[in-house]
Every structure is written in structure tokens, then in C-alpha cells.
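Student: Sequence:
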Amino acid sequence: MDSEKSGMLPPYSAADLPPPSGPRHSHYHKRWLRPRRSMKLIVGCLAFIAFAQWKQISILPSREPSSSLSAERLQQDLATCAKLRHKPQDPIGLGREKNARFVDGQRPTLIRNATIWVGEAVEGTSPEDARAGKGYSWITADVLIDYGLIQKVEADISLDSLPKDTQIWDAKGRQLTSGIIDMHSHAGVGALPELVGNQDVNEMSNDITPYVRSIDGLNPLDPQIQVIKSGGVTTSLVLPGSGNNMGGEAFVIKHAVGKPDGRTELSAEDMLADPDRNWRYMKMACGENAKRVYGKVGHSPFSRLGESWEFRHAFEQAAKLVQEQDDWCAAADKFGVESQSSYLPQDLKWESLSAALRGQVHINTHCYTIPDLEAFVDHTNEFKFPVRAFHHAHQTFLVPEILKRVWGGRPPASALFADNMYYKSESYIGSEYAGKILWENGLTPVYVSDNPVLNAQHVLFEAAKAYRYGLPYHAALSGVTSAPAELLGLGQRIGKIKPGFDADIAVWDSDPLSVGAAPVQVWIDGAAQFSDPFELDKPLDGPISPDPKLANTTEDTTDLKEVVFTGVSNVWLSGEEASTANGETVNVVFSNGDIKCIGACTEDVEAAKSSSKKVVDLKNGHITETFTAFGSLIGLNEIDNEADTDNGRNPTGFSRGLDGLVLDNKKLHIAKKYGVTKAISAPKFTGGLTHSGTSVGFNTDAKHSLEKGAVWAEDVAVHRTLTLAAKRGDNPSISDAIGKLRHTLLEAVATNDTGSDPFSEAAYLKKVVNGELPLVLTVHSADTIVAALRVKATVEEALAAKSQSKESPKLRVSIIGGAESHLVAPELAAAGVGVLLAPFQSYSYTWDQRRSLTGAPLTNGTAIDTLLDAGVVTAIGLEEDWLIRDLGLLAGIAQKNGNGRLSEKKALDLVSSNVYKILGIEETQSKKARHFAVYEGSPLEIDGRIRAVGSGRETVSVFVINWITRRKLRTSSPTMTRAAAICVAHGGGPMPVLGDPGHASITASLQKRVPKILKLNTPDAPRAIVVVTAHWSEGAPTISSGERHDLYYDYGGFPREAYSLKYPAPGSPSIANELKQALEKEGLSPVMNSRRGWDHGVFIPLLLIHPAADIPVIQLSVLASEDPEEHFRMGRALSALRDTNVAVVGSGFASLHNMGKLRSLMMGDPSTAKRIGTQVNEWNKELTGAALLEKREDRVKALSNWRKFSHSYEMHPRYGAEHFMPLLVCAGAANDEVGREYNDDFLGADIKTYYWGDVRV
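In numbering that gives the first Met the number 0, the protein residues as written are 0 to 1256.
Think of the hints as simulated: they come from the structure by calculation, not from any bench. Treat the hints with caution; some may be incorrect.
Unchecked claim - With a straight-line Cα cutoff of 27 angstroms, these simulated DSSO-like cross-link-like pairs (lysine-lysine) come out: (1) K423 / K163; (2) K97 / K497; (3) K383 / K82; (4) K423 / K707; (5) K766 / K702; (6) K423 / K290; (7) K1061 / K1011; (8) K707 / K665; (9) K163 / K290.
Use the sequences and the hints to build the structure in full.
Tutor: Spelled out as C-alpha cells, the structure:
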């Protein structure tokens, strides 16, 4: 657009101001010669000056000492001034004689034969190379610890040089890192098991509580502190909760508590990571939580608007205190403290917040959504304070440019979960690839637990999953070590293995980012933390070799009826298991819902190569059963904490899961993407992991429940909840709940009459006692499990008495939950009761889970090990829906940490066939409608990547892994795909890529819709793209013909970054020549130009459409003549290239390109916008009717008369229709074919995009 070159004039300028009206007068000076008037004015001025001087003097502090003020107090206040002005610095590491936390008498330690991750690139590596991962490696060395510090990191440290009392610890080649740092925890203030009396996370007396401190509620005896340490975590930032907009001060602790851990006392003070308290920390929170807690009519904050006011008002109060203090201190310096007439202004309520405004406090803010992030960034600039990190930060990956606007010039980090989302509205929009995307945008992701939301014992697993989702290995490991250390202002003391750093160290039984990694030993300040740790029996495999291909994300799918998978190393399908050795592989042929062949399959493979079948080449392929999700609410819930998206609670009634089933939603799409094709879900009793009524078995990729095969079991089981949640309403106690269960089951045994309703609770309980349906009990406590086993025995005795048969009837009972089931494993085995563990890795979250086994190094195994040893059929359930991505990895943990109990196939059974064994039902499976998943690598390993899923249909879904996949997933057919033609709206100058809100709709379409239309990142991606640009008008069609083209920044007045954009796609002289010949066949006289740069009509949309920039681009001009017929002929030439899979992209603004009207829309006047919008709609209606005519002859004829359409000259002024011409070219490039269109909103006007091809969006 024309304004793009000027940056658009402001609405008013000096040139617009009218000249002064009326004649100029020359008598102004004469007025000052009138004596009386001039004398009055002079006297008035003198009086004003005298008053001002008096006023200024009166407000200065008196230099006379005040007899009522304490001189001692004034001196203390003066000393406080120095503290107020102090600018904290990160405390040094190297150069200390000893760690301030060192305990006298502690012996030196030499850790020998370790494989060490230092935590930084080797000296001399440039920052750019270091960020790319160059210079990082594992080294073999010894580590000497003394005085609580790392003294040496060297190979083969001589024992002769060490003190005689040095302890020697042999790492045996295992991997050693710094201790893990969790930058978001509530350990100690949210002690476990969770009881009313020990919860001190949120001070909810007020929304704004910067004055409270987490250390005042930190309980050193919280058992979870030790559990967390058993995951290698040595340091945690203990934050107040997020119920308040300002939650209060946070403190960094180390997980060494009392004398058993090498400390001298048992106190929160002794746990402080930095006893000198160089930095302070504060927790704030935006968004949902404060609204939910405090929001009600008449009480703020009711909305995000109110939250911003609360923030700004609080900062205003703190800023006022800062100013008053600075004024007092300045006066004391100037006139002497004895001259002060008052003490230093102080207000404990605002002291910590004023310290934050002085730069003495690292602010960490809980903030999920774009509005929250943007508002808080605005606050930082208004009140001039930095923010260290946004926590949870689910949508930061969408708006890196907003983060970079934070005051102070240092963008905040994003403290993330790897894949925990969907639990409330704020977390519904998120991505497992967030860390990777943030890293690629120059930002820092760190991974946190929010303990006890996630068990911080496994916070390292979050970093491992981040690596799985494409974050580089070094950045993922940094995300729980050196990155949080630096963000805490302790980057010279913790987070790395270097001389001068605190001796916080973990040695691992396997690569720390591998599945199931556990510490062998942990040191804090040089003191070993486990006197007799349990160590898992694992082979010494050495470090992971980072796989850069994990950075290639999977977003799209292709459904195929026939496909061949080559390079398959393992087939783990029931009844068809096959494994290879010595690098040999097999092929697997899929056809019309059936796995046709496993093996060499020579004939099928050859047939595929000579036909149109697709071939997926794998290097280490694995084919397995798909997974079954049981225990979660998928299918009955979309956003956990939003009632409108949920089936609802059933605390008193009885209902069927089938009746509340809602399919075709985000959670279910994600489930299939990660190999979960079947689910069993029951209505919830009261909340998460509570169940009631009957569960339904269904396929996760069905559109609705009446679709064929969507529901494979209308009623899988009858459910009752016996956790602490059972003590509600009609069941005031656990004993009452057990009694009612016994009573209803015995009634079902006694009566043959279940009433007229076959779907009543009585009818289903009759099926339970008759053995037709299993009874599933949600229960954790070992004592409650025992009570349930007694009920089972009692009912079975009643059944035996009634039946009088020789074979005693048995109830089919199973358990989901089972945190304490290991305590009664033999009894469960004897009763034939299976257990679905949920959580799989239990911890003492609630009182009835307090005896959970947390695993090595604290306990000898976990619940699953004890259950398997006792012969209990066991499976892995899901306590929360987000875990659908992690089922394969959880099975991998069971296998890796099981000391040989489970083969890989048996481990996978934990998330598939064992579910059905426990329930005593047949798994729905057919060779003609197989459920299977195809992986590159093992699904049990962190680098396993799903490549295809069969879900019982005639087709298999093959996942497209960005552009690299085009080399791996290919068609052997010589037939060339016909590429699409599309005319897009490219927006104003660089604004779409700069994140302009007015371009949000256009930007989203360019990023999401257009790649699908062009089939980018698929096997049928175009071999080249011709861009017809409105910003290049010539007398003849002119073609960019160079191998490379610079960018032509043909706009002005935009931010500097707009002139450093890069789009390094290649050109293609050969395809340019093909285009030239095609144009010549149409009677045109094209010109080749190898020098002109690509204008913004080319590179701006392509930056959004295909940022990989790996497809050749050819730029084509429009004609200055604006002759429709000549542009149609250009299109016909391009139609021939479409047949050779060259895509055509017209880049213009077909709906509206009149700068006057666009300026009017930008002015935002509602009446003007409405009038222009009406005109645009009327114009669009006629334009669309012509552009989408199916026959090209009719389309060309109609568009030839486009100037007769309503408002055509208002949409495109005379001699200014260059932004309309690309549409004419694209319309000519379309044969007799169906065209389509979509709308984008631009300043309230509908902007059309038209396209032709076989993909519809």
C-alpha cells in the first residue's frame, strides 16, 4: 500500500493547521507602554515571585534540630538511606575461601571417574555458537570438593595431593551434573500430605500482599523436601501462591535439612541458599486466579481490567514511598540529618514493593495469556521495573515480541511445564513445542514443577520432555541448571560444575535427560545427602547423542489407504511380534485397514515402488499396539476447570459415561497424535480422579458417538469412589461409603427385581454381582483397599450361598489409584484384583497417599515393582488428561527402572492389553481394522517419535514432520501433483511479521491456512513457488531469474527490525526459464531480471507461510497497463506450471486498496467504518460471484468487467489497481475447477483470499 512507504502520516501535522485569521496588528508593544496597566503587571509579577520563594523555603526541612526527634533514630534512618540506594550484584563464586553454608568438620570429597556436564560451552566459544550448542560436551574428569565448594575439575587428580581425611567416591563413569534447580516450588509452605493445618501457600486476606513472606510459613519438616531431593533437586525457589495479584516475597532454599543432611540446625533460616540475602524475590500473578478468589460484584478484581488497576495502584503507592524516601535522604545529605524535622518515611506494607522498584527484588510473575502478558509488560514500562520470569507462561511462545518490550532491556524467561495444559481456560492454548519456539526466538525457557502441582522430584523429566519436543539438548539441561541459577542471581555459585561453585552435585544412573533417570547420590554444599541410597541396576550406556531432528515438529497428518513402512526393527503387536538383530530390518505393508505383510514383503514393496503407494523410510522403526487411556476424563471434559466444557459432577446420582460423551475435540486429537486411540472414561464423582456411574469405551478419533465403531463398549464397568473425596454429602465418612457399597451389592445379590429401568444403578449392580460387568473402585489408602476386599469377600459368600454351586462365584473387582496398594499386594493377588496405578509415580499428595513409594534412591522400587512381584495384574492409568502425551514414556520408566522385571513388550502392555485384562473384558481388535502405532525409535525412549497411527479405520494417519519429511515420505509414482493457486492479502508493509494487532487475522491465515492450501510440509509440497507481486509493475511480464536475490525493503517509516528481515530461499534460473517459455507460448514478451531484489509483496507473506525458506521462489511482476486480458494470459501460462507442481501465489489486496479509505478505517470512527464496511461487502459479493465461477471461460468473462462492479473505483482508484492484478493472474491460472475463498478481518473490513486446489481450509 502507498502508505507503507511513508509509514502512514499522523492524523495531524503542522502543515494541516490553518493560518491565523484576520489582519496582523503591530500595536502589541504599545500596550506595554500604558503606565497604569504596566505598573500593575510588574507589581503582580514581583508578588508572585516573592510568594514562590517563600513557598519553596517553607517546604525545605528545617536546619534547626528538632527536640522531639531521637538523634539515634535519625542516624539509623541515614544508614537506611545507604541501604535503599544499594544496587545488588550477583554474589561471586570463584574467589571465596569457603561456602558461607559450609559446616565445620565436614571432610573433603573426591568424586572420581565421572562423566561431567560442566554447564557451559568451552572457553573461546562465541555467544552465537554457544547458543547453537557448539562447545558443549561431556568430559571425563574428577571433582574435588572441600569447604562446601568445588575446588578442582580435572582429569586424574592425584590422591597424594589431597588431605588424608579425603573421602573417595567412585562414579564408575556415570554422568555428573550440577544439582537440579526448581525455580517454582511451594515445598515447605504447601507441605504434604495436604492438610488444612499445614497449607500456608496463599495469604488470602487481601489481593495485594507484597508484604508477606514465604519463609514465615516454611516447614523444614515437610517430607516432600526430602522426596524432591531424591530427584536430584538441590535448590528451589519457594514462592507464595498465585491466588493474589501480589503474593509476597519468595526465598531460595537448599534441600539439606537438619543434622542428618549435614546441617547444624533445623530451621528455615539454615536452608537459605544465600545466607547473605544478596537478592530478594517476589511472586506476582495475573489472570484467572485472583478473579476467581476475589472477584464478586463490588469487590476488586472482578476482571482483568480490575487486576491491572490493582497492580498499578500498588505500584503507585510504592513509587510514592520511593520518592518520599529519596527526597528525605537527599535533604539529609545536603543539610545534615540533624536538620530533619521528621524521621525517614517508612511503610512496612509497601517496603518490599518499593525495593522492587529500586531494582533490589527479582520479580517472578504467574502469567499465562497474551492480554495478561501484554498488560504486565505495560506495567513494567510505566513504573520502570524489570521482571525476571513469567511463570506457567503458556502463551509466551506466541508473542516473543511482547516479552522483548519489558522494561530494562532484558526479556524475561518463561518458566514452563513441558506438556501440562488444558486444566483451565488460561492453559487451553499452549504447545508442547513452546520451549523450542521461545529458544528459536532468542528467549530462555526454564522448566519447573509448581510443586505439588507436579512432583518436583521429577522436574528433570520436564526438561527431558522439552528435549523430546525439539528444544536442543544443551538448552533443555540448562533449563533446570544454569539458566534458573542465572535468573535467581546466583549464576556464579550454582548450576555449573566449575571451581568456585557451591558443591551441589548429582550423579545419575543414566543420562539425565533419558527416561527414568534417577540419582545415585546427591551432594549439597559438599555433604552427601543419602547414607544408604538404593541404586537401580542399569547398564552404563553413556550420554545421549543429541538428535537435532527432534526439532522438526509434527503438526499435519495425511490419511492413506495404502502405505509401506521400511526399516522396521521391532514389531510389538500381539500375536505378530518380530525383532531383528545385526542391523537387519523388516518391512510392514498396510492396506485398507489391514496389516497385509510383515517381513521382506518383496512383492508388495516392489508393487509400491511402481504404483502410487506411499513409502515411509524409517531407520529404527517400531510398530506397537496403540495405547488406551483409563482414569482420565477425556471425552467427558475439554477444559478441566470450566463447567461449560465439562460433563459435570455426580456426587449423588448415577449416570452413564455414554450419555455425556463429547468427541472431536482438542484433547482427543492430541490423544491420537500420541498413539492413544482408545479410551475408557467414567463420569466424575466430585473432581479429578474420582469416578461414578458406568464408564464408556470409545475410539478417540471418532467425530460423534453414532459413528460406526466410535463406541466399542457402551458400559465398560461400574465405578465407585473411595478416596477422601467419598466423604461428601450422603457419605460423611469412609466407613459410611464402604457400608453403602456393601449394602447395595448385597441387595443386588438378594433381589431379582431391578425395576423397570434397565439403566438404573440397581440394574447395573445386578450385572456386577452376576459377573457381567466389573466393579472399579477409585481408592488409594491401603486400609480402605482392605475394607473393599472384605466387601468383595462378603458379597461372594452371599453369592455362593444363593447359587449353591460347587464353583464359588467371583466379583470382578479392580482398583484405579492404588498409591498404597503395594502394602497389600499379596492380598490383592489372592483376591484376583488388578490395579491401574494413577498416578503411576505416586507421592504423598493427600493423607490417603502418604505411604507411597517414591523410588530410588529413597525406596527400593515403586508400587508397580511390588505389585508385579506379587503377581498382581497392573496397568498405568491417568489421573489427569494432559498425560495422554506421556503414556509411552511412563511405560518406559516402568521398564527402565524395573531391574529387569519387564521386557519392552511387557512394558507397553501396561498401557494397552493389561487394561483389558484387569477389567476382565475382551480388547476390541481385528486384523482387518487394526489399532497400531508406528515410531521412529522406541516409544519407551525420550527420542522416540510417532510417525503413523492406525485407529481401526481403512486408512492410516501418517504424521508429517516438517520439510525434512519430504525426503523420507515419498511417492514412487511419476505423476506430478498439480499445485495450488492462491491470491492472498499481504497486509501493510512489514506489519504482519512485526505482530501488529490489526493484522492478526491476516497473519494467522498466512501462518495456518495458506501452508495447508499449498501442501507445504507434505510429500506433495510444491517444487517451487511463483509469487505475482503487486509491488512490481512493468510494461512486460518480468521474472526474477537469479540463483539468489537480496530483499528489497520497499517501505519506509517502520521500526529498525523491519530492515533486517531475512528470507534466504533460493531462486531457480531453470524454473524461471520454464516460466519465460510458458509466457511466450501465450504471446507475451517476458523479460528476465536477475538483479532486482524480492520486494515485500514476496518476502513478508513467505516469512509467515513458509519460514523454512527451502523452496525455490520466482518473483513475477504485474503489468502497468492493468489490462485484464494480458493478466489472464499470464495466468494461463502459469496454469501449465501448476501441472508440474509449481505453486502460484498472488500477493496483493484484492478486496480494498484505497489509501484514503484505509486511513479512514485506521482513524476508528464507527460511522465511517460502518459505511466503508458496507461498501466493501457489496463489492466483495460481486467479486466473489465472478472469481468463483467454475468454468474458466465464464470466470474470465465476468472478471474482465470488474470495473463495472459496485464501488470498484472506491476499492481500487483509477490507475491504482496494481493490488487487484494478482487476482486476475490467479483466476487465469485456474482451469475449469472449483475455487474457494476465506475472510480475514482488517480494521473491521472483510478482506478476501481466493484459491484453487484440492485442499479446503
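Student: Below or equal to 27 angstroms on CA atoms is what counts here, so check K163 against K290.
Tutor: violated (62 angstroms)
Student: Are the Cα positions of K766 and K702 separated by 27 angstroms at most?
Tutor: Answer violated: K766 to K702 is near 30 angstroms, above 27 angstroms.
Student: For the pair supplied as a hint, K97 and K497, confirm whether the alpha-carbon distance does not exceed 27 angstroms.
Tutor: Measuring from Cα to Cα gives roughly 14 angstroms; hence the hint holds.
Student: Can the restraint linking K383 and K82 be considered satisfied, given a maximum Cα separation of 27 angstroms?
Tutor: holds (20 angstroms)
Student: Is the straight-line distance between the alpha-carbon of K423 and that of K163 27 angstroms or less?
Tutor: violated (58 angstroms)
Student: Compare the distance between the alpha carbons of K1061 and K1011 with 27 angstroms, and conclude whether the hinted pair is satisfied.
Tutor: holds (23 angstroms)
Student: K423 and K707: Cα distance at most 27 angstroms?
Tutor: violated (32 angstroms)
Student: Does K665 sit within 27 angstroms of K707, going by the straight-line distance between their CA atoms?
Tutor: holds (21 angstroms)
Student: Tell me if the straight-line CA distance from K423 to K290 falls inside 27 angstroms.
Tutor: Holds, at roughly 13 angstroms.
Violated hints for the displayed structure, listed by number in ascending order: 1, 4, 5, 9.
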